[in-house]
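Student: Since each chain sits alone in its own frame, please combine them into the complex, following the hints.
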Amino acid sequence: MILHDYVLSASCYKVRLLAALLGVRLELVAVDFHPGRAHKSVVFRALNPAGSLPVLVDGDLVLTESTAMLVYLAQMAGPDWLGATDATSAARVQHWLAFSARLNGSLGLARLHDMLHFAADIDSARAAGHQCLREIEAHLSEARFAGRIFLEGDRPTIADIACFPNIALAPDGGVELNDYPSLRLWQRAIRSLPRFIEMPGIHRLHELAPAPERGTTA
Amino acid sequence: MISPQVLNEWYPVGMIAQVGPWPGRLTGLLGAPVVIFTTGQGAIVVQSARGVPLAVTLAYGHVWACPGTPAHALFALPEATQPGRRLVDCGVVRVKCSPLRAVENFLDIAHFPFVHTDILGAEPHTEVNRYEVQIREEVDEVWATKVHFYQPQAAKSAAGGIVTDYMYRVAAPTAAVLYKTCPNRTDEWDVIGIFVQPLTEELCDVYPYMALFDDVTPLAELIHFQQMIFLQDRSILENQIPRLLPLDPGMEIPTQADLTSVAYRRWLKRRGLTYGAQRVAA
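Read top to bottom, the protein sequences are chains A and B.
Residue numbering for the first sequence follows my numbering, beginning at 1 and increasing consecutively.
Residue numbering for the second sequence follows my numbering, beginning at 1 and increasing consecutively.
This is chain B alone, in the form it adopts within the complex (with noise of 0.2 Å):
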């Protein structure tokens, strides 16, 4: 029985370019498959098994549905919009792995130089210095700031090492963006997300996203570095035990590096947001 806070919550189920019309998309959502396809009148409907209709909204490129009573509207994420900047498709990645562990990962920076060694991180710049990370209650979201670090090649646009400034958001129960330093524009954040549809506890479908400020770069470039990055996570993701996300200590011992992460299960637990978490103390 899955819970009315879970249920009650908006989940990304494809990429609006990819939705055709009847029979259009077999997909799951939490554990019950749903389709996804286009009316005649070009509409988006996102249905159950039963031909029971969810609640649809279209945002950031993608379809987002919410299988119960929406709580409240989809998060807002206005740099979707702002003129100038590239929005980036990087496609879907299955990972056999909690919907809640995906968004974890996205999280961290401690994994930087050992995962993607080279790119986001490099040995002997390992350590994470201390950075701030709240809660926003006006928004209900998870926010870290002020977050540091030395990166070999932050973006696909970056010459060299650069400190790189990051800003993190949880915006939904299975959605993250990153704000990080743009190497082409000073007074401006390139925008990274992850949008994780939850298929069951222990099976998700990745969205990367991206809306950047790169002219340059040829499009295929962009989605390659994306896509390295994420399939350097993905190996360690399928292989992270226990296959649930713990929400309560004392499984696993958090340094302060992780203070985003703690941050997350605390708003989970506090939610009742539990569908990919273990749901009693280890």
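The following block holds chain A by itself, in its conformation from the complex (with noise of 0.2 Å):
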């Protein structure tokens, strides 16, 4: 399986992380998107006409949505990941999928904005950012409340893979999330999850490792 790949997106990343989670090998092909902006080009785009990343190629089938291909992994290796259990558990699973794409256009547009010198109208990109964190936030302190940690149901979905990224890489794009207490606990669930793997801006838990000792004074 081959993912058209660039180390710095969060699309990217999300896939990344579902196969690393899965223990799914991916061949990665870098793409020179920044600064060489090669997913614009001819080549790329007679692969994808849309000329954006990830593609993800598996014998006769191209993937260019990142959500299309959590479900591909998630139905080839870990059904469990897809949280679809029921038609009302099924549906709340797709609508993080659709919404992952509204923090996509909002925190991930601020990120490239502010790093990679998109343009951007930065204000109201951050205005739509934090209006979907305070929604999620909302739904995990509820969750939480219920004596939950994931997005849907009792384990980790391709719900939460597909909105971690955006979300624990929004102070890239000037957005804290100091705010948001319920995010902060959920990425640490993420974070601790066997196999989970990092990228620039989301770093391991070293604050996982053993405490250091304490002097005889403590």
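FYI, nobody ran anything at the bench for these hints, they're computed from the structure.
Hints are not guaranteed to be accurate.
If you want the ones that stay clear, here's a sample from chain B, every Cβ over 10 Å from chain A, calculated [as the list claims (entries may be wrong)]:
hint	residue
1	T69
2	K96
3	R185
4	P218
Some chain B residues near chain A, calculated using beta-carbon distances under 7 Å [stated by the list, open to error]:
hint	residue
5	R94
6	A220
7	E221
8	H224
9	Q232
10	S235
Pair ranges (Cβ atoms, derived) [said to hold, decoys possible]:
hint	chain 1	residue 1	chain 2	residue 2	range
11	B	G68	A	S41	37 to 47 Å
12	B	Q256	A	A91	38 to 48 Å
13	A	A138	B	T38	49 to 59 Å
14	A	M76	B	P254	28 to 38 Å
15	B	R185	A	V62	37 to 47 Å
16	A	R37	B	G28	45 to 55 Å
Virtual Cβ for every residue (Gly too), placed ideally from N, Cα, C.
Tutor: Next comes the structure, spelled out in structure tokens:
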């Protein structure tokens, strides 16, 4: 399975992350997104007319939407990650997959603006990002009151993986997460998952390392 | 009021390859807007908002400008034209930090195992051994030599962990270059630099630069590797406090591993290069 990839892309990282969690091996093909804009080249558009990243190729199958890739990987290697046990849960997971596109269009855009000089109305991008964060924070707070930590059900699903990257990377775009305590705990739960992988801007959980020895006066 | 010492230095303002005809590209330098464009004759012009042209040097793939009267020529980088090296354009990354902090971070070795974990460093190999630092008066540059560090993946072309030798060089107030063990050529150094454009005292555009001996790795993979490294630094840089680099001891306590940083700060202070620095002792 080949992933046409950009190391700094939140959407590419979604797919790399789920593949790692599932133990699926991806062959990564680096695309010069910045500064080369190779994803807009004629050659690349022959593969993906939208000129976007990532692109997942498995035999004859070519996927160009990262959420579709999450569904594909989960269906193949870990159906529990689909989180679809009945009509309600299936629909709710779909809600978060669609919601992740809003995150990408707001927090993701603000990040590309602040980091890589992308053109954007930065104030409205950040405002839309905060609106998304308030919605998901409210949902996760309710989940916590009910004794859960992930977005849907009692376990991590592709809904969490779809939303996690752009939220964790929000500070890159000048959107701080200090006002969202439930999101912080949720992120920690995701970063604690076995086989979690990092990307630039999302660090591994160094704080899970053994605590330093305490002095005798402590 | 910006001091003449600051104004009379060279700063990168863009990549040569990305300059177009009028109206060109609007950017900033030391808090003031500047515009960069090519003339009909193909010359590259950098000018202020009032239409006053700045002194320009084209070198190492980048446009360098001096807002005052150049105190000296731009630093030499002979490796840039050495046959066999691959010049890698890694683009530009904007960072909300003092331009001096971006350079200082580039000079630091001790953070490798913690920020670039399993790539440029790994626990428990965290010790920075004694190395040598000097201010070379004849070229007016800061140099650190005899740096050795264990690295799990020193370069894209490195097959496994190696002890990497480094030399570091501050070549201009906001430009630094390092020379490190080349995994492919024992008789040469790989050259990696960062050229930092000071937009304001707390905002900069950083242009990573590489001149490597590596004919095998696809260009996009080299770019990804360097961007991955630099973007791991970015979130750290944006959270450093105080925002401006302290030049006097007191606020921060350096250790032996920070000799290069200490020399860099001393060099900046001695030359009055305080744009992006705290100007009073904390």
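Student: Just tell me: holds or violated, for the beta carbon distance of A138(A) and T38(B) against 49 to 59 Å?
Tutor: holds, 52 Å
Student: So, as I understand it, the hint says E221(B) touches chain A; can you test that by seeing if any CB pair is closer than 7 Å?
Tutor: Status holds, d = 4 Å.
Student: Could you check that no beta carbon of chain A comes within 10 Å of the beta carbon of P218(B)?
Tutor: violated, 6 Å
Student: Please verify that hint: R94(B), Cβ, nearest Cβ of chain A, below 7 Å or not.
Tutor: holds, 6 Å
Student: Mind checking the hinted window 45 to 55 Å against the Cβ distance between R37(A) and G28(B)?
Tutor: violated, 23 Å
Student: Min Cβ distance, Q232(B) to chain A: is it shorter than 7 Å?
Tutor: The hint holds - Q232(B) has a Cβ within 7 Å of chain A, the shortest such distance being about 5 Å.
Student: Beyond 10 Å from chain A, beta-carbon-wise, is T69(B)?
Tutor: T69(B) is indeed farther than 10 Å from all Cβ atoms of chain A, at 30 Å.
Student: Is the distance from the Cβ of M76(A) to the Cβ of P254(B) consistent with 28 to 38 Å?
Tutor: Violated, since M76(A) and P254(B) (Cβ atoms, about 53 Å apart) do not stay within the stated range.
Student: Hint S235(B) vs chain A: min CB-CB distance below 7 Å?
Tutor: holds, 5 Å
Student: Can you let me know if the beta-carbon spacing of R185(B) and V62(A) is within 37 to 47 Å?
Tutor: The hint (37 to 47 Å, Cβ to Cβ) holds, given that R185(B) and V62(A) are roughly 40 Å apart.
Student: Would you say the C-beta atoms of Q256(B) and A91(A) sit inside 38 to 48 Å of each other?
Tutor: violated, 60 Å
Student: With respect to the beta-carbon atoms only, verify the hint that G68(B) and S41(A) lie 37 to 47 Å apart.
Tutor: Cβ of G68(B) to Cβ of S41(A): about 41 Å, so the range 37 to 47 Å holds.
Of the numbered hints listed earlier, those contradicted by the structure are 2, 4, 12, 14, 16.
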